[in-house]
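**Student:** Take a look at the letters that make up each chain.
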Amino acid sequence: MAQGIRRQALFIAAFGLVYALVVLFAHHSYYQLILTVVPIWAVMGLAWNILSGYSGFVSFGHAAFFGLGAYFVALAQIHWGLSPWIGIPCAGIVGGIAGLVVGIPTFRLRGHYFALAMLAYPLALLYVFEWLGYQELALPMQREAPLLYMQFADHRIYAWIALALLVGSMLLTAWVERSRFGMSLVAIKEDEAAAEAAGIRTVSWKLKAITLSGAMAGVAGGLYAVVLLVVTPPAVFGMLVSAQALIVAMFGGVGTVWGPVIGAVVLVPLSEILHAQLGDVIPGIQGVVYGIAIVAVILLAPEGVFWKVRDLLRKRSGEAPGSTAAAGADRSGSVMEIPARKPANQDEVVLEVANVSKAFGGLQAVRDVSLTVRRGEILGIIGPNGAGKTTLFNLLNGFIRPDQGRVLLGGKDVGGHAPYEICAAGVGRTFQVVRPFRRMTVFDNVVVGAYVGAASGEEARNVAKAAIKRAGLERDALRTAGELTNKQLRLLEIARALAGRPKILLLDETLAGLGGAEVEEVITLVRQLAAEGITIVIIEHTMQAMVRLVDRFVVLNEGALLAQGQPAEITRNEAVIDAYLGRKWRMANA
Amino acid sequence: MSAPQLVENFLQALTAGLLTGAIYGLMCVGLSVIFGVMRVINFAHGDFMMLGMYVAFYAFGTFALPSVFGASAGPYVAAVLAGPVIFIAGVLVHKFLVSRVTGIRGSALSAEGHYAQLILTLGIALILQNGGLYLFGSAPVSIPTPLASSAWELGPLHGEAVSVFINQGQTVAAIIAVAVVIAFVLFMARSSLGKSLRAAADNPEAATYMGIDVGRAHRLAFGLGVAVTAIGGGLLASGSSFQPYVGLEYVIVMYAGVVLGGLGSVSGAFFGGLTIGLVQQLSTLFLPNQLQNTAIFVVFLAIVLLRPQGLFGKALRRT
Numbered sequence: 001m002a003q004g005i006r007r008q009a010l011f012i013a014a015f016g017l018v019y020a021l022v023v024l025f026a027h028h029s030y031y032q033l034i035l036t037v038v039p040i041w042a043v044m045g046l047a048w049n050i051l052s053g054y055s056g057f058v059s060f061g062h063a064a065f066f067g068l069g070a071y072f073v074a075l076a077q078i079h080w081g082l083s084p085w086i087g088i089p090c091a092g093i094v095g096g097i098a099g100l101v102v103g104i105p106t107f108r109l110r111g112h113y114f115a116l117a118m119l120a121y122p123l124a125l126l127y128v129f130e131w132l133g134y135q136e137l138a139l140p141m142q143r144e145a146p147l148l149y150m151q152f153a154d155h156r157i158y159a160w161i162a163l164a165l166l167v168g169s170m171l172l173t174a175w176v177e178r179s180r181f182g183m184s185l186v187a188i189k190e191d192e193a194a195a196e197a198a199g200i201r202t203v204s205w206k207l208k209a210i211t212l213s214g215a216m217a218g219v220a221g222g223l224y225a226v227v228l229l230v231v232t233p234p235a236v237f238g239m240l241v242s243a244q245a246l247i248v249a250m251f252g253g254v255g256t257v258w259g260p261v262i263g264a265v266v267l268v269p270l271s272e273i274l275h276a277q278l279g280d281v282i283p284g285i286q287g288v289v290y291g292i293a294i295v296a297v298i299l300l301a302p303e304g305v306f307w308k309v310r311d312l313l314r315k316r317s318g319e320a321p322g323s324t325a326a327a328g329a330d331r332s333g334s335v336m337e338i339p340a341r342k343p344a345n346q347d348e349v350v351l352e353v354a355n356v357s358k359a360f361g362g363l364q365a366v367r368d369v370s371l372t373v374r375r376g377e378i379l380g381i382i383g384p385n386g387a388g389k390t391t392l393f394n395l396l397n398g399f400i401r402p403d404q405g406r407v408l409l410g411g412k413d414v415g416g417h418a419p420y421e422i423c424a425a426g427v428g429r430t431f432q433v434v435r436p437f438r439r440m441t442v443f444d445n446v447v448v449g450a451y452v453g454a455a456s457g458e459e460a461r462n463v464a465k466a467a468i469k470r471a472g473l474e475r476d477a478l479r480t481a482g483e484l485t486n487k488q489l490r491l492l493e494i495a496r497a498l499a500g501r502p503k504i505l506l507l508d509e510t511l512a513g514l515g516g517a518e519v520e521e522v523i524t525l526v527r528q529l530a531a532e533g534i535t536i537v538i539i540e541h542t543m544q545a546m547v548r549l550v551d552r553f554v555v556l557n558e559g560a561l562l563a564q565g566q567p568a569e570i571t572r573n574e575a576v577i578d579a580y581l582g583r584k585w586r587m588a589n590a
Numbered sequence: 001m002s003a004p005q006l007v008e009n010f011l012q013a014l015t016a017g018l019l020t021g022a023i024y025g026l027m028c029v030g031l032s033v034i035f036g037v038m039r040v041i042n043f044a045h046g047d048f049m050m051l052g053m054y055v056a057f058y059a060f061g062t063f064a065l066p067s068v069f070g071a072s073a074g075p076y077v078a079a080v081l082a083g084p085v086i087f088i089a090g091v092l093v094h095k096f097l098v099s100r101v102t103g104i105r106g107s108a109l110s111a112e113g114h115y116a117q118l119i120l121t122l123g124i125a126l127i128l129q130n131g132g133l134y135l136f137g138s139a140p141v142s143i144p145t146p147l148a149s150s151a152w153e154l155g156p157l158h159g160e161a162v163s164v165f166i167n168q169g170q171t172v173a174a175i176i177a178v179a180v181v182i183a184f185v186l187f188m189a190r191s192s193l194g195k196s197l198r199a200a201a202d203n204p205e206a207a208t209y210m211g212i213d214v215g216r217a218h219r220l221a222f223g224l225g226v227a228v229t230a231i232g233g234g235l236l237a238s239g240s241s242f243q244p245y246v247g248l249e250y251v252i253v254m255y256a257g258v259v260l261g262g263l264g265s266v267s268g269a270f271f272g273g274l275t276i277g278l279v280q281q282l283s284t285l286f287l288p289n290q291l292q293n294t295a296i297f298v299v300f301l302a303i304v305l306l307r308p309q310g311l312f313g314k315a316l317r318r319t
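Quick mapping for you: the protein sequence lines, in order, are chains A and B. For the first sequence, my numbering assigns the number 1 to the initial residue and increments by one for each residue that follows. For the second sequence, my numbering assigns the number 1 to the initial residue and increments by one for each residue that follows.
The following block holds chain B by itself, in its conformation from the complex (with noise of 0.2 Å):
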């Protein structure tokens, strides 16, 4: 292989990566909240994600959007549609379910109650899944989109010999899942309601006698978690298409990149989704196809191994 070549093809799996990256980063900073923050295992996560995917796929079919925004702005819209439809169904899976094994109730269970959640999560996993498939079938879908299969040429640039394609499609994903982290980031770090419900989060005792309703703000919290989550769902539903089993592609994923970015960091998160993004596509470049995913979890053992505390978090130090 040239060397041009060699710099196109480095070049392309960068841009695959930051594009990929900035979804995966909207999708682990969702999780962020409730494995990060509330320490709570959400096996369901991928999931939520799924039912985010199919949300935005009928959102995009049935309703008028393709008339209303355009077959271009369709998608999106469909995509962001997915969050307050996904939050609702986070609240309740949580005021009926999750609630009952975390939170202050949790810790009155000790550890069993620990495990309590692993299974319970488990469980409400293998309900949407396959209720998915009840519902939605087996068949592999996608949103359809011009922009999917049209790309920027940038270049020719070194004396024509490398240029990069930038899909189209994905670039207005991308910065669509950055705006929507740095909404979300803003929300939780400025608004009291983020604060109360990163407090609530934190230390739960802490936080009911500082007066807040720290059920409610759990709630909350899980709901936007997978609502954020199921907006990067939406996003890349329109790249790449999916079935009612694909959460748990995407579940290690969201973890791996939540620990990278360092636990209870929501702006980590989003960098640590990135990481994973650019590992996926870069290691395409020297390891066959197969091995992507084994190269992200063994970037994610070898950081988990050597730097617990993320690769974005700052190590506790006892001041």
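For reference, chain A alone in the conformation it holds in the complex (with noise of 0.2 Å):
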């Protein structure tokens, strides 16, 4: 892991250092001026990149925090004399703010409509600014003291500040990568829900992401002021800035620190020496050509250049596609076992559920249920389609919020926590349809669910090692979760719940879909699980499989508690036969 990120450090400084040189012998100050542009424009590509790249959450309104940024570092010079050394931090912080004050409302939105909204920051923005009348503002030249306000008679001083921003910014998009937040953003992505539901707190995350990502915006925004002099709300408040973010992220490939810069670095000369070309020429060729180039790429490869230069490399040299990530989850020797909660009070109960009920409109689907889970027991709940079994379990784990009811777990009453407060809580949980982070490794799947109990990323990740051994999957480890077969992503939910240690697991019909053999291996496991301690209540539908795991069956029939006890009272009881079991059960069972 460090290890990684030191390789990565040598290359992004490698690639700094050829920058540098090849700003050194640029003479003319029209390449300097691009050469400096090029790492504003990267800059911008990656704080797209952190935001929207890392999380899923597209936006198209980046050049808000740029244009407030940069009208912070002008009007700052203009009105307070403020330097641009001080001003372009500040405008980090202004960016910053603007970030999470965007992001607050903004991220009860999902999909389209979260794209769409940013859309609107900007644009409002603009016309504000024209009317408070900034439609071109100048920054002072300074001629006492230039030095002091960032103004160079060389212009390649420009271009090597703007490449000290972008080398700072690709190393925090690398510690990003490759940290808790950066797995999480990604787990976010995947599956929302499920990255909540296995303890990651996904609103502070994202806002989280998103300040950072304003941050850097602005701080481009900043320098871009500095380095044009001139600034205007069209040219940092307007579309075509938020644009240009997405295209030199998406060109290069999102979800990495090389994409943007890839993008920015062929792109933004490209589009210039176009401009300077052709422009004068033919006018509006240069947009043709340049927008001609955009499709080409996204045609050939949509996924963006470094990523596809990457699968071409790797089928090359026929390396298997995961092996170099996390190549690190086996090498160490130190697994942390589990810790085992021995039963130590069988009585104790872990879980009680008061009076709960829950309606869609006019679907009562969970109707006063009651029910008490003691430690280290196997609880079965059965009933028919529709019985409200998966909805009592969003309810349990904080998907959903019940109407009337209380949730107590360990004595307190969790009922409309989040699910990752609920997680944190020892709740560990399943799905019906599996939803594993499907672009993750196994391994990386099962360390964001251990991030909620664990202090450190290494701990985590040590965790995560155990609870992969536990479910059996340690050869898997490497692989796309993607790839695996259906009992393998079975068993990765439950080893991603396992990791975050709970005291309780639900697992929601965990054998579906499993030949028998298979259903043994899972069977076992859960019993293991029990024996160690561990609280298990599992829906399912194979009662031959159930009636020999379970300790205690509850039956759900139309959202209601129709029955509760042994399997061999519950096998037999007229009320359970009729609702659920059948008539076939009934002559094969007298």
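Some clues are possibly wrong.
[As the list claims (entries may be wrong)] Which bits of chain B does chain A cover? Going by a derived footprint, with three or more residues having C-beta under 8 Å, they are: (1) 92-102; (2) 117-125; (3) 292-301.
[Stated by the list, open to error] What the simulated footprint calls covered on chain A by chain B, stretch by stretch (three residues with Cβ under 8 Å from a Cβ of chain B suffice, anywhere in the stretch; the number is not a length): (4) 247-253; (5) 285-291.
Keep in mind the hints are simulated off the structure, nothing from the lab. Positions of the beta carbon are idealized from the N, C-alpha and C atoms, including for glycine.
Make the complex out of the two chains shown on their own, each in a separate frame, by following the hints.
**Tutor:** So, in structure tokens, the structure goes:
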């Protein structure tokens, strides 16, 4: 892990060095300007990438942060005589605050709605700044103390400053990518609800991402103002600014440090040179060529240049996909066992559900259900389809809030708490239709689940290793979740839940779709977990398996509790046979 | 300002809002097929509208439209003519470009396919804008119509104090816009082709199982979407001047209208567009002109945040 970062940092340093040398030999002021603008747009692309690339919340509105940064630097210098040396870092703070302020209401939206709402912010600001009378703001020349005001006769210095900013942003991104921060964002992108159930504080990570992203964009905007010396609303708040951030990042490839940099290094000079060479001869042609270049690349490499090239290189060297990522997963010897909770007191109530009800519109999905779960037991929940079993799980893990009634976890009411809080309080769950983070490795999936109870990344990785071992997935640890079989996915979900060190495990149809031998394997695992003191609540239709597995049954029908008791009683209960088990069962077991 | 003056200003803004709103509504209906139903974010939509404006402009200028239909009716015939031309352009753009990153093929690309369509349509937008600059030049033009400068006077009402002027050109344009919307909504709702288009757009996979040629349906839906918006552009072209970058100004208005109307509802999009027109015009009563568009965005944000299902959409209920 640390080694990966060091290697990444080395590449970034090498890139910086080469770029600095290129700047050194650029004597024409026009090329110096291009060499300055490239890193600025690359930083802008990286800013966009932090939010949209990792968390998947696509923003069309990064111009808002860029423009605020630019105007802050310009206005602060004009009105307060503030030097850009201080102004640009402050522009970062302005951008960060703007990100937070925008994020708090806007993260209530998802997908297309989020993207479009983001579009509205810079455009609203654009007209506000025009109305305020800032149509064209020129930074005053400071002849007395030019260096103090970042005004250099040698324009290469601007390029070096921009480069320093870029290298800093790349290192920051590389760190984010490999930290708990980045992993949480990617988990959110893959499946936000599953991430939340695995203990990820999704809202807070998203707000951190948009704050950091806004800060980076603000700094880029601030430097842009200093370099161009003139700020106009369309130039900094316009749709093309947001589009440029998006274009360089997507062209190069999202979700990586290198994507936005590749995009900026290729596209920005291309458009500038086209503009200079062709713009005067045939107006508009440069835009057409630029547009064609973008369209062509996206048709050839829809996922961006970086990923395409990486895939091609891998194919050539015959390397298996996923084998370079997290290569340290099984190297370490210090595998920590998951601390077993001995069933100290079998009568201890871990979970108590009291008179819980939930309606969706006119449908009463769960009706006045009460039950208690004792430590170390395996409780089976059965009932016909639509009986409210999964809804009950969703109430227990916080996906939905009960209309009435209480959910007591270790005596504390957690009804209506957020899923990540309930996960932290000791409830792990799996899903009826598996919800892995498909493009992460098995190991990373489980690490995400481990963060909730881990103080450090190191501890999370160790807990994850133990959980993977427990579920018997060691050999598949480095495979991408998307490649797994159904059984492996079921085990992965159990491992991810185990990594959060739960007191209670909610298993939703974990045996569904498994073959005979596979069922036995999973049943054995569940039994062992229960023996180690983890309380299990399992929803399942396979009665043959359930009768052997569970200590006690709860039967739901039409949202209400129909019966509960030992397997032997339940399978003979007339009401249960009528509602669920059916006539065949009666004949077979008569 | 006296009370009758206030009433007059209000009625005047209301009229202007309804008339421009009707055309916005038509443009939004076009976008709603592509964005609301197919869920493709088409950044080039405003630029197809721009193309529609120029098609109307040249159709009116080059062909015998003015001599056949007269100077008054000619511009509107030209506007409607923009429809079929842009339909063909849209079908071709979809067939050769958009289809590669959307629909069933797009869903195979998962999240990255989603990104690909954004940047692809951004690229198309750049090509259309700058190609337009190359072909049509940067000087603003408009379609001259005598109706644009004549108005009906409503009133004087309320004892000579209040009278409202209704621009004849805008009124005719609004009536045509409403007619096209009604025809299009009926086509989508009633005809079997319309139904298969909606099915293919809404759930490509299920539509395939029902024997619908999804590729063809998506092409047609995309073409129809841009064509309907182009007619809206053509109608605007006789009232106001435009240049090749005009699409950018309207693309936000259109997305705002579609979201207001509720994604997936074609007729809702019309009312969304109408609302945008009203907000824009009524905001001039108490905001400086420059903040007209800010008013739109603020209303848009407020509604998206408070009622993400849209002003006219139904809340989704799991029943």
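**Student:** Okay, the stretch 292-301 of chain B and chain A, do three or more residues pass the C-beta test at under 8 Å?
**Tutor:** holds (count 7)
**Student:** Is the listed coverage of the stretch 117-125 of chain B by chain A valid when you require three or more residues with a beta carbon under 8 Å from a beta carbon of that chain?
**Tutor:** Answer holds; 7 residues pass the 8 Å Cβ test.
**Student:** How does the coverage statement for the stretch 285-291 of chain A fare against chain B, requiring three or more residues with Cβ below 8 Å from a Cβ of that chain?
**Tutor:** holds (count 6)
**Student:** Can you take a look at whether the stretch 247-253 of chain A is actually covered by chain B? Rule is 3+ residues, C-beta closer than 8 Å.
**Tutor:** As far as the stretch 247-253 of chain A goes, the hint holds, because 3 residues have Cβ atoms under 8 Å from chain B.
**Student:** Cut-off 8 Å, C-beta pairs, minimum 3 residues; does the coverage of the stretch 92-102 of chain B by chain A stand?
**Tutor:** Coverage by chain A holds here, the residue count being 3 at a Cβ distance below 8 Å.
The earlier numbered hints are all upheld by this structure, with none contradicted.
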